[in-house]
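Working from the sequences, and respecting the hints, build out all of it.
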Amino acid sequence: MSDVGFVIAGYGVILGGLAVYAALLLLRLARARQHRRSDDDGA
Amino acid sequence: MTTRILGVAALLAVIAAALFGLYGVPADLNQGDAQRIMYPHVASAWLAYLSFGVTALSGIGWLIRRDLRFDAVAVASAEIGVLFTALAIWGGMMWARPVWGVFWQWEDPRLTTTALLLALYLGYLLLRRLSDDPARRATRAAVVGLVAAVDIPIVHFSVIWWRGLHQPPTFLSPDKILNPSAPLPFVLALVGMLGAFTLAWTWLLIRRYQLARAELAREEAVRGGLVRRASAAKARPGAAANPGTTIGDDGGIPPPKAQAEATR
Chain Z
1 MSDVGFVIAG
11 YGVILGGLAV
21 YAALLLLRLA
31 RARQHRRSDD
41 DGA
Chain H
1001 MTTRILGVAA
1011 LLAVIAAALF
1021 GLYGVPADLN
1031 QGDAQRIMYP
1041 HVASAWLAYL
1051 SFGVTALSGI
1061 GWLIRRDLRF
1071 DAVAVASAEI
1081 GVLFTALAIW
1091 GGMMWARPVW
1101 GVFWQWEDPR
1111 LTTTALLLAL
1121 YLGYLLLRRL
1131 SDDPARRATR
1141 AAVVGLVAAV
1151 DIPIVHFSVI
1161 WWRGLHQPPT
1171 FLSPDKILNP
1181 SAPLPFVLAL
1191 VGMLGAFTLA
1201 WTWLLIRRYQ
1211 LARAELAREE
1221 AVRGGLVRRA
1231 SAAKARPGAA
1241 ANPGTTIGDD
1251 GGIPPPKAQA
1261 EATR
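Chains as they are written, first to last, in my numbering: chain Z, 1 to 43; chain H, 1001 to 1264.
A hint or two may mislead.
Example chain H residues on the side facing chain Z (calculated, C-beta under 8 angstroms, incomplete) [to be verified]:
#, residue
1, A1016
2, R1036
3, I1037
4, S1044
5, P1098
6, V1102
7, L1205
8, R1208
9, R1218
Just so you know, these hints were derived from the structure itself, not from any lab. Ideal Cβ positions, reconstructed from N, Cα and C, are used throughout, including at glycine.
Structure follows, in structure tokens:
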């Protein structure tokens, strides 16, 4: 693999990893808030 | 609203810093294009240090003040720190293969202590899953977080204390930072990536903290519901208390495993 290939792999995984984590975090937060609301409604 | 603005600013800053690192900076004379990986690699490593430092300080905060908000900051920062450590290791490997000729070398103290740092904080996160009692969990995690933080200076100074493949620290002394020997575009790319990643880190920390607080609130609501049900069952004349909702010795609800054994 050329240097450019390693650069693409490096940036791709780092930036992609940050993006995936951020997206999953927002999803987890939305789910937690939804559960909390449904718990409140059920109480 | 402010957090959303911060999120958009962080996203734009990371994109701009990445484009500058990829296209705005010339290739290094010795390392060629591989040098471009240094910008996100160093920024990730810096944020890993910062994250675990925050986890340790929040642990101290919990141990002194007994306020679960400190524990929420600690777990948020630890999880983000694990992410940035893994990304720093990945970036380092992608840089090392073309420059050193190997992805990894266990004899190198910086690499090995960084891998240990990742393992320690993965252990920290796993440890948190062992207890359902928030106070007990926070105390155990705070102690482990403090012990694990000892590895942070070891990682940083390992390149000075021992010989290895890794170059000396990027940030060694204020004098070197103020009078860098590298050409200005390289310094700007590094500082820009550091700033952009720190913005992203701040946004992630706020969101992860909010998640930790929401999870804790839900956990407390579930525990409160179980306690109410247990009290109601005890108050019913002639009705035996449901063993599945027995209050633990410490006043808390026993963990699911203990509940399952009690119901057997």
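Verification of the hints:
At a threshold of 8 angstroms, the smallest CB-CB gap from H/A1016 to chain Z is about 12 angstroms, leaving the interface hint violated. Taking 8 angstroms as the C-beta cut-off, the interface hint given for H/R1036 holds, the closest approach to chain Z being about 5 angstroms. The interface hint given for H/I1037 holds, since its Cβ lies 4 angstroms from the closest Cβ of chain Z, which is under the 8 angstroms cut-off. Hint on H/S1044 holds. Least Cβ distance to chain Z is approximately 6 angstroms, under the 8 angstroms limit.
For H/P1098, the interface hint holds, since its Cβ comes within 8 angstroms of a Cβ in chain Z; the closest pair sits about 5 angstroms apart. Taking 8 angstroms as the C-beta cut-off, the interface hint given for H/V1102 is violated, the closest approach to chain Z being about 13 angstroms. Hint status for H/L1205: violated, given a least beta-carbon distance of 10 angstroms to chain Z, over 8 angstroms. Annotation: interface hint on H/R1208 holds; nearest CB of chain Z at approximately 6 angstroms, less than 8 angstroms.
Proximity of H/R1218 to chain Z holds as hinted, the smallest CB-CB distance being about 5 angstroms (cut-off 8 angstroms).
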